[in-house]
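Undergrad: Read top to bottom, the protein sequences are chains A and B.
Under the working numbering, the first residue of the first sequence is numbered 2, with each subsequent residue one higher.
Under the working numbering, the first residue of the second sequence is numbered 2, with each subsequent residue one higher.
Errors might be hidden in some of the hints.
Identical copies carry no separate label here, and so any pair may be met within one copy or between two of them.
[As the list claims (entries may be wrong)] List of simulated lysine to any residue pairs, SDA-like, C-alpha gap at most 25 Å:
{"#": "1", "residue 1": "281", "residue 2": "65"}
{"#": "2", "residue 1": "281", "residue 2": "234"}
{"#": "3", "residue 1": "19", "residue 2": "127"}
{"#": "4", "residue 1": "281", "residue 2": "239"}
{"#": "5", "residue 1": "281", "residue 2": "236"}
{"#": "6", "residue 1": "19", "residue 2": "164"}
{"#": "7", "residue 1": "281", "residue 2": "47"}
{"#": "8", "residue 1": "19", "residue 2": "81"}
{"#": "9", "residue 1": "281", "residue 2": "94"}
{"#": "10", "residue 1": "19", "residue 2": "90"}
{"#": "11", "residue 1": "281", "residue 2": "162"}
{"#": "12", "residue 1": "281", "residue 2": "320"}
{"#": "13", "residue 1": "281", "residue 2": "49"}
{"#": "14", "residue 1": "281", "residue 2": "322"}
{"#": "15", "residue 1": "19", "residue 2": "249"}
{"#": "16", "residue 1": "19", "residue 2": "269"}
{"#": "17", "residue 1": "19", "residue 2": "321"}
{"#": "18", "residue 1": "281", "residue 2": "297"}
{"#": "19", "residue 1": "19", "residue 2": "272"}
{"#": "20", "residue 1": "281", "residue 2": "235"}
{"#": "21", "residue 1": "281", "residue 2": "10"}
Since the hints were made in silico from the structure, they are not lab data.
2 protein chains.
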Amino acid sequence: MNILITGGAGFLGLRLAKTLLNDGVDGVAASRLVLADRATGPDFDDPRVSYAIGDIADPAFVNRIVTDDIDIVFHLAAVVSGQAEADFDLGLRVNIDASRLVLNACRHNADHPRVVFTSSVAVFGPVAADETIGDATAVDPRSSYGMEKASAELLLKEYSRRGFVDGIVLRLPTISVRPGRPNQAASSFASGIIREPLSGSGSPCPVPGSTGLWLLSPRRAVEAMVTAASLDTSALGTARVINLPGISVTVDEMLAVLADVGGPHARALVTAAPDPAVEKIVASWPRSWDHDRAVGLGFCGDANFRAIVDAFVEDDLDGQVAAVAV
Amino acid sequence: MNILITGGAGFLGLRLAKTLLNDGVDGVAASRLVLADRATGPDFDDPRVSYAIGDIADPAFVNRIVTDDIDIVFHLAAVVSGQAEADFDLGLRVNIDASRLVLNACRHNADHPRVVFTSSVAVFGPVAADETIGDATAVDPRSSYGMEKASAELLLKEYSRRGFVDGIVLRLPTISVRPGRPNQAASSFASGIIREPLSGSGSPCPVPGSTGLWLLSPRRAVEAMVTAASLDTSALGTARVINLPGISVTVDEMLAVLADVGGPHARALVTAAPDPAVEKIVASWPRSWDHDRAVGLGFCGDANFRAIVDAFVEDDLDGQVAAVAV
């Protein structure tokens, strides 16, 4: 089982790599794992792992990493929403053109590999309050990032229809709780308001407590990618796009869990800092999802937000929550 | 009013050119009209018209034709469905990449031009018998051509959302009656069964008489493009895609009109030649359309199929129907 992860040195790519090295795919261990990215990540100290460093939008690099023996490609490399909005050409180049390069390289492999592509609920536009989003709901992106993901989805579906690859698109809910630093994404606060206080730092909250979010933990996101890698696609037909099951929570509910896990001092570290721009974007995201199909295919959401925070503390804080500052 | 038509030497491009030269757009005459294509068409003998010959997927050519003074671009250049299916790379190159080149050249113009882009109902997949298709119905292409048109639609919407162009997508029903020769399109018979008999030639009909079609005449298609060129887009918001109003007819109804216009001898020139492959494709096309929005925006369909055939006789046969062969 030879596996390529593009964006392999990123936060989800590294977690996926660890899972693949430990558990493999459907019981089959990874024999070779290539992590393609713009820079190397941590040393795995495992002879199966190698980094391939280059530009994912460079055809020569892509042809070099999609070797003939690759069985599975996890195509995670992307420019995030804020960056795609700020640098239009870069977004097109990485989120569309590089995706096509990867698909095309796979097409010219003798055994057309499984391709697992991570897309986003940003492909959707504002919907009526009573509308439920399913896998077949019309996309209507309102951001360059969303448009680029929707374009790459169309390519992957068509390359699969023609038998050039055996592809699956996973549309990720907002990932929370992300480790690391705040980023430019409008959803950055959805991790920040938990991550920062549990580490003893303050965190501004740009939206009202009543704001609803649709969340998936990093742990479940990685599980979903592994599930997708061995899914029987004959049952999918042309319906290659799957909205992953998230959980629907409000910011107030998230903060209540924060208080439970970190105590009132942690909760007090989150301060209201209304940002109408962020509020507008977040309010436009769909809240009601039908994920029966995803669940039927074996994808799991999180039990509740407490489970998400507990997993974060375990995976990213070594089980330690910051003590009260006195 | 400086106008560029890509695919300008094609059948619809030439008709559009004539209309623009005679009537202009919203009462404003075309002062300069560039017809870009791979080869020249007929001589217009009009100092306003020039041909630009080149490859629409060549960035240098596109940058050369989208000059700074262009006010309107009609982007009609495309690889048709049969060809896009047979030559995947060519379809991607012309139907997606060239569209992006055109949009990008417009983006770098000081006055971002109006772009009218012709798409197709091939962006849709099979739908339930009782489902009505509207402008916001989810695309689900089942052909490379349909995927490519859907991708170009996403690009045009995004370039418009960002203010880089002021774009409109017109999704054309099956155009009937097309002049010229049969082509590789599955819908070729929808013109052939009228055009050939009215010229005294036999025409095979690959589908049962009960087969339903959704048609638009070339005359109305050209009118729609001109309407789109001066449409007030502020009313459209992000909803830049319009399914043009067609008429729903069966093949039997078309053949009855043929008999009315051309006589029983013309009708007798159409012979049943069942082609399960064509039948399957045509049967998968949606038949029920909601075009209230298009009509509200000023787009007109044909009155009925008789009106379409009368227009064909007038426009393409100089008013003459082939006499009975004796």
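Undergrad: Within a copy, between copies, both or neither: where do residue 281 and residue 49 come within 25 Å Cα-Cα?
TA: neither (46 Å within a copy, 48 Å between copies)
Undergrad: How would you classify residue 19 and residue 272 at a CA-CA limit of 25 Å: within, between, both, or neither?
TA: neither (35 Å within a copy, 65 Å between copies)
Undergrad: Regarding residue 19 and residue 81, is the shortest C-alpha distance of 25 Å or less found within a copy, between copies, in both, or in neither?
TA: Close inside one copy (23 Å), not across copies (46 Å); limit 25 Å.
Undergrad: Checking residue 281 and residue 239: alpha-carbon separation at most 25 Å within a copy, between copies, both or neither?
TA: between (34 Å within a copy, 17 Å between copies)
Undergrad: With identical chains, the pair residue 281 and residue 322 could be close in the same copy or across copies; at 25 Å between alpha carbons, which is it: within, between, both, or neither?
TA: neither (32 Å within a copy, 62 Å between copies)
Undergrad: Is it within, between, both or neither when you check residue 19 against residue 127 at 25 Å Cα-Cα?
TA: neither (36 Å within a copy, 41 Å between copies)
Undergrad: Please work out whether the CA atoms of residue 281 and residue 10 approach to 25 Å or closer within one copy, between two copies, in both situations, or in neither?
TA: neither (32 Å within a copy, 46 Å between copies)
Undergrad: If the cut is 25 Å between Cα atoms, do residue 281 and residue 236 qualify within a copy, between copies, both or neither?
TA: Only across copies: residue 281 and residue 236 sit 21 Å apart there, 38 Å inside one copy, limit 25 Å.
Undergrad: Is it within, between, both or neither when you check residue 19 against residue 321 at 25 Å Cα-Cα?
TA: within (22 Å within a copy, 76 Å between copies)
Undergrad: Between copies, within a copy, both or neither: which fits residue 281 and residue 162 at Cα up to 25 Å?
TA: Classified as between; 17 Å across copies, 37 Å inside a copy.
Undergrad: Are the CA atoms of residue 19 and residue 249 at most 25 Å apart within a copy, between copies, both, or neither?
TA: Neither: 28 Å inside a copy, 57 Å across copies.
Undergrad: For residue 19 and residue 269, with the copy left unspecified, which applies at a CA distance of at most 25 Å: within, between, both, or neither?
TA: neither (35 Å within a copy, 71 Å between copies)
In the structure shown, a violation is registered for the earlier hints numbered 1, 3, 6, 7, 9, 10, 12, 13, 14, 15, 16, 18, 19, 21, in ascending order.
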